[in-house]
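Student: For the record, the sequence lines run as chains A and B. The numbering of the first sequence is the working numbering, which starts it at 1 and goes up by one. The numbering of the second sequence is the working numbering, which starts it at 327 and goes up by one.
Since the hints were made in silico from the structure, they are not lab data. By construction, the Cβ of each residue, glycine as well, lies at the ideal position given by its N, Cα and C atoms. Treat the hints with care, as some may be off.
Stated by the list, open to error - Listed next, the stretches of chain B that the computed footprint assigns to chain A, with coverage defined by at least 3 CB atoms under 8 angstroms from CB atoms of chain A:
| # | region |
| --- | --- |
| 1 | 327–335 |
| 2 | 426–435 |
| 3 | 550–558 |
To be verified - Computed list of chain B residues with no C-beta within reach of chain A, every gap over 12 angstroms:
| # | residue |
| --- | --- |
| 4 | Leu347 |
| 5 | Ser362 |
| 6 | Ser380 |
| 7 | Gly421 |
| 8 | Leu423 |
| 9 | Ile450 |
| 10 | Met456 |
| 11 | Ile517 |
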Amino acid sequence: MKAITAEGLSKIYKYYKKEEGIKGSIKNFFKREALYKEAVKGISFSVDAGDSVGFIGLNGAGKTTTLKMLSGILKPTSGKIDICGYSPFDKKNDFLKRITMVMGNKSQLWWDIPAIDAFALNKEIFGVEDIQYNQTLNELVEILDVGHLVNTQVRRLSLGERMKMELILALIHLPDIIFLDEPTIGLDVISQYNIREALKKYRDNHNATIILTSHNLDDIEIVCDKLMIIDDGNIMYDGQFDSFVQLQSVNKIMRIKFKKGIDISDILKDHQAEIISSMEDEVNVKIENEKVISLSGQLMSQYLGEIKDINIENANLQEIIRNLYA
Amino acid sequence: MLLKYLRIIGMFIRISFINGLEYKANFILGGLFEFSWIIMNIIFFRVIYLNTSSIAGWNMNEVLLLVFICGFVDSVHSFFFASGFISIPNMIRDGQLDFVLLKPINKRFYLAFRLTNIGQLFNIVFNLTMIIIYLIKLSEAFDFLKVFMFFMLIGIGILIVNAFYFTLSMIAFWVIQVNAIIGYSQELFTIGNKPLSIYPQVIQKIFIYLIPLGIAFSYPILYYSKKLDWIDVTLAFIIATLFFGFSHFLYRKGFKRYTSASS
Numbered sequence: 001m002k003a004i005t006a007e008g009l010s011k012i013y014k015y016y017k018k019e020e021g022i023k024g025s026i027k028n029f030f031k032r033e034a035l036y037k038e039a040v041k042g043i044s045f046s047v048d049a050g051d052s053v054g055f056i057g058l059n060g061a062g063k064t065t066t067l068k069m070l071s072g073i074l075k076p077t078s079g080k081i082d083i084c085g086y087s088p089f090d091k092k093n094d095f096l097k098r099i100t101m102v103m104g105n106k107s108q109l110w111w112d113i114p115a116i117d118a119f120a121l122n123k124e125i126f127g128v129e130d131i132q133y134n135q136t137l138n139e140l141v142e143i144l145d146v147g148h149l150v151n152t153q154v155r156r157l158s159l160g161e162r163m164k165m166e167l168i169l170a171l172i173h174l175p176d177i178i179f180l181d182e183p184t185i186g187l188d189v190i191s192q193y194n195i196r197e198a199l200k201k202y203r204d205n206h207n208a209t210i211i212l213t214s215h216n217l218d219d220i221e222i223v224c225d226k227l228m229i230i231d232d233g234n235i236m237y238d239g240q241f242d243s244f245v246q247l248q249s250v251n252k253i254m255r256i257k258f259k260k261g262i263d264i265s266d267i268l269k270d271h272q273a274e275i276i277s278s279m280e281d282e283v284n285v286k287i288e289n290e291k292v293i294s295l296s297g298q299l300m301s302q303y304l305g306e307i308k309d310i311n312i313e314n315a316n317l318q319e320i321i322r323n324l325y326a
Numbered sequence: 327m328l329l330k331y332l333r334i335i336g337m338f339i340r341i342s343f344i345n346g347l348e349y350k351a352n353f354i355l356g357g358l359f360e361f362s363w364i365i366m367n368i369i370f371f372r373v374i375y376l377n378t379s380s381i382a383g384w385n386m387n388e389v390l391l392l393v394f395i396c397g398f399v400d401s402v403h404s405f406f407f408a409s410g411f412i413s414i415p416n417m418i419r420d421g422q423l424d425f426v427l428l429k430p431i432n433k434r435f436y437l438a439f440r441l442t443n444i445g446q447l448f449n450i451v452f453n454l455t456m457i458i459i460y461l462i463k464l465s466e467a468f469d470f471l472k473v474f475m476f477f478m479l480i481g482i483g484i485l486i487v488n489a490f491y492f493t494l495s496m497i498a499f500w501v502i503q504v505n506a507i508i509g510y511s512q513e514l515f516t517i518g519n520k521p522l523s524i525y526p527q528v529i530q531k532i533f534i535y536l537i538p539l540g541i542a543f544s545y546p547i548l549y550y551s552k553k554l555d556w557i558d559v560t561l562a563f564i565i566a567t568l569f570f571g572f573s574h575f576l577y578r579k580g581f582k583r584y585t586s587a588s589s
């Protein structure tokens, strides 16, 4: 079942050319030249209920604008969006009760009061019944292990702890569509892990649909099963995450460990393998997929006694994406 | 539905109270400025009335009642709405309005009530008490309907002041920075909260039909002193409704223009 459908979605921002210095500012004061930026260029896609979609792209590619149109914050310049039968910009209460948005760089908590008071306020605003509120709160507090922090003033919490509270606040009304814009930005590795695990558990427990944008590709790799890549307002890829990795992985990483130091540089050269790092007893190389078997075979036949281990890995997502934009 | 909204107002007040207690000095001094304004005005008009018994048909008790009505309307506005309205332009500029748009609640209600100022509570009680005292001074006999209508007109005043400041905040959707506009508008407020009859006819018309602050402050007293007829009162209700409607029109238009902020 389709949870989200977007057809020919575009967004054009109007802004003014700002000229340099005082003279330019005075000139701007009397006459402004209007400029237009097409942030999203007629994109179409759909997302099935229960899917987790990683939405990636460079800064300014149109990710956040798309997310804000999907959630109803921004009015599309053209195109149609259907989310569970609703048109987001109408902002019908029944629609808003089914969605949520978490933004890593913006907070909806109240700075001077404990998070629990903000949860209670959202409970009233979203009309959550007492029993459901207590159940959801207990579930989320347990998943994120923040039972001891909910009564602490938000301003006394660390960034990681605050983000966990943001997540609880965003999920307290049990939404089934979750938009996340850089939810792990600025967080340490432990907090990142906790946020990702919480999202996965919530999704599995409630069959939620997730659209996640992040420059931290680990977020995408761990949470999402589908991938959508946007570049300059156009969708470059929309499909299964694994298929994309396979499609784009022209290289593999080979980690070769030796029992004693040997020189294999000529063989590597013959196979056009690029040395990534080299130590006395180990060399890591990047090599094209189709040359992996040949290199392994030659190494095994010539240096069977000297080689301790050969490990072959797919290139990581970060590298794939870097190559894609290169 | 009404209960839900009342409960939410209660929660906003609770949050404001917790916040207020966090910053003690602000909590204690919060309403002092407005209270000083009232006291200064009482002294000012008392001194003037040492030299005359009437200003444009207003006696001293009527003018002092006007001071307390202004104080009451202003303190109710400051208690519930002022802080919320002041923060709207910043929310538009930095994109914090995003979260308001995602809440299944009347957005105008949320923006209006979300930052209450508990420090104004004393001013509300003080001004209301003084209004009752001066109302008794001005009354020949108790007339329930008359008193009811008097307070209804004060309610209309609160509605007009709410719409006045909300309109100014909504301009931020077009020009982003509205501090200067709000600053100049404060001066309009200072003119509008004086006895309406002291001004020339043109200015009176402006403060009735265009920026109805004259209705907001002077009309309750003019009505109570039998200087208004039913047509004037009916017109006051219509103008207040239209003025509120205009602010709502800007609000609807503004939200469509909202572009949020980059992440």
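Student: Against the earlier hints, flag every one the structure doesn't satisfy and list their numbers going up.
Tutor: Per hint list: 3, 4, 7 and 8 violated.
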